[in-house]
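Starting from the structure of chain A, add chain B where the hints point.
In case you want the letters, here they are:
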Amino acid sequence: DAGVTQSPTHLIKTRGQQVTLRCSPKSGHDTVSWYQQALGQGPQFIFQYYEEEERQRGNFPDRFSGHQFPNYSSELNVNALLLGDSALYLCASSLRTGDRPNEKLFFGSGTQLSVL
Amino acid sequence: AQSVTQLGSHVSVSEGALVLLRCNYSSSVPPYLFWYVQYPNQGLQLLLKYTSAATLVKGINGFEAEFKKSETSFHLTKPSAHMSDAAEYFCAVSDGTGGFKTIFGAGTRLFVKA
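Taken in sequence, the protein lines are chains A and B. Sequential numbering of the first sequence, starting at 1, is according to my numbering. Sequential numbering of the second sequence, starting at 1, is according to my numbering.
Some clues are possibly wrong.
Here are the in silico distance ranges between beta carbons for each label pair [stated by the list, open to error]:
(1) B:84 - A:38: 22 to 28 angstroms
(2) A:20 - B:77: 40 to 46 angstroms
(3) B:17 - A:112: 29 to 35 angstroms
So the derived list for chain A, only partly shown, Cβ under 8 angstroms to chain B, looks like this [to be verified]:
(4) 42
(5) 43
(6) 103
(7) 105
Each computed BS3-like pair below joins lysine-lysine, with the alpha-carbon atoms no more than 27 angstroms apart [as the list claims (entries may be wrong)]:
(8) B:68 - A:104
(9) A:26 - B:58
(10) B:68 - B:58
(11) B:58 - B:69
(12) B:58 - A:104
(13) A:104 - B:69
Honestly, the hints are just simulated from the structure, not real lab data. Just so it is clear, the structure is predicted and the values come from calculations on it, not from any experiment. Note that CB positions come from ideal geometry on N, CA and C, so glycine has one too.
Same shape as in the complex, but just chain A (with noise of 0.2 angstroms):
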C-alpha cells in the first residue's frame, strides 16, 4: 500500500519564477492538505483540497494555489517566488469522516524547494 508521495524531492528556483508541486495522497484518502516548513520551525497550514475544491485556507497570500484532481492527487502552485518560499513543502492525506475533523494525517516526505 502506496503511504503519500511527493514529487519533486527537490527543487531550485529563481526569484519571479512559478513552481508546480505534486501530490499523490494514500490510497483510501480523499482529502489533502499542503504545509510550508521553514527551517526550525513547524509546519505551517497553507490550504486543504477536499472534492476538488478548497475547503480552508491559512494565512498564505494568493500566489500560494492549488488544485485537486479526481484522483485525489492534489498540485500546489507558487507565483513569483520570493526567497522566503525556501522551505519544505509538505503534503498530507487524510479520509473525512462526516463533520468530524481530521484525525490522523498521513505525510509525504516532502519538497525542498530552494529559492535563489
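Okay, now just chain B, sitting in the frame of chain A:
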C-alpha cells in the same frame, strides 16, 4: 482560534532517562490533540492522538501523553529514552472551529546523550 505552544525548542536527556516534552493548547471547544515525530529528511508521523476518550493516551514506541483540561496541557512523556528517540516532536491541535485543519506547534528537538 486554535493554537499550540511548545515549551522549549530543545530538550536534552541521557539515554535511559525520563523524556518530558511540554505542550499547551488553546481551543474554544474540546479539541483533538496529537503528537507527531519527524526524523531528518522525512515527513511527520503520528505518535499518538487524544480524541475525548481516555485522558491518558498511549502511543507508539513507548510514548504516552496526558490530557489535562484544567491546565490546557498535553505533555508527552516516555519513561526511558533511547538513542533512536532523537528527533523533532510536534504537538498539534484540531478542533473543527477553524474547519478541518490541523495546526502545529513550533516543535521541540529531542537530543539523547549516550
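Hint check:
1. In this structure, residue 84 of chain B and residue 38 of chain A meet the distance hint of 22 to 28 angstroms, their C-beta atoms being roughly 26 angstroms apart.
2. Separated by about 42 angstroms at the C-beta atoms, residue 20 of chain A and residue 77 of chain B satisfy the suggested range of 40 to 46 angstroms.
3. Roughly 33 angstroms separates the CB atoms of residue 17 of chain B and residue 112 of chain A, a value that falls within the hinted 29 to 35 angstroms.
4. With a cut of 8 angstroms, the hint placing residue 42 of chain A at the interface with chain B holds, because the nearest CB-to-CB distance is about 4 angstroms.
5. Residue-level restraint check for residue 43 of chain A holds (minimum Cβ-Cβ distance to chain B is 5 angstroms; threshold 8 angstroms).
6. Taken as an interface hint, residue 103 of chain A checks out: its beta carbon lies about 6 angstroms from the nearest beta carbon of chain B, inside 8 angstroms.
7. For residue 105 of chain A, the interface hint holds, since its Cβ comes within 8 angstroms of a Cβ in chain B; the closest pair sits about 6 angstroms apart.
8. In summary, the hint linking residue 68 of chain B to residue 104 of chain A is supported, as the alpha carbons are separated by about 21 angstroms, within the 27 angstroms threshold.
9. Distance restraint check for residue 26 of chain A and residue 58 of chain B: the Cα-Cα separation of roughly 24 angstroms lies within the 27 angstroms cut-off, and the hinted pair is therefore satisfied.
10. Proposed proximity of residue 68 of chain B and residue 58 of chain B is supported: the alpha carbons are some 15 angstroms apart, at most 27 angstroms.
11. Under the criterion of a C-alpha separation no larger than 27 angstroms, the hint pairing residue 58 of chain B with residue 69 of chain B is consistent with the structure, at around 18 angstroms.
12. Using a Cα cut-off of 27 angstroms, the hinted pair residue 58 of chain B and residue 104 of chain A holds, with the two alpha carbons roughly 15 angstroms apart.
13. Straight-line distance between C-alpha atoms of residue 104 of chain A and residue 69 of chain B comes to about 21 angstroms, which keeps the hinted pair within the 27 angstroms bound.
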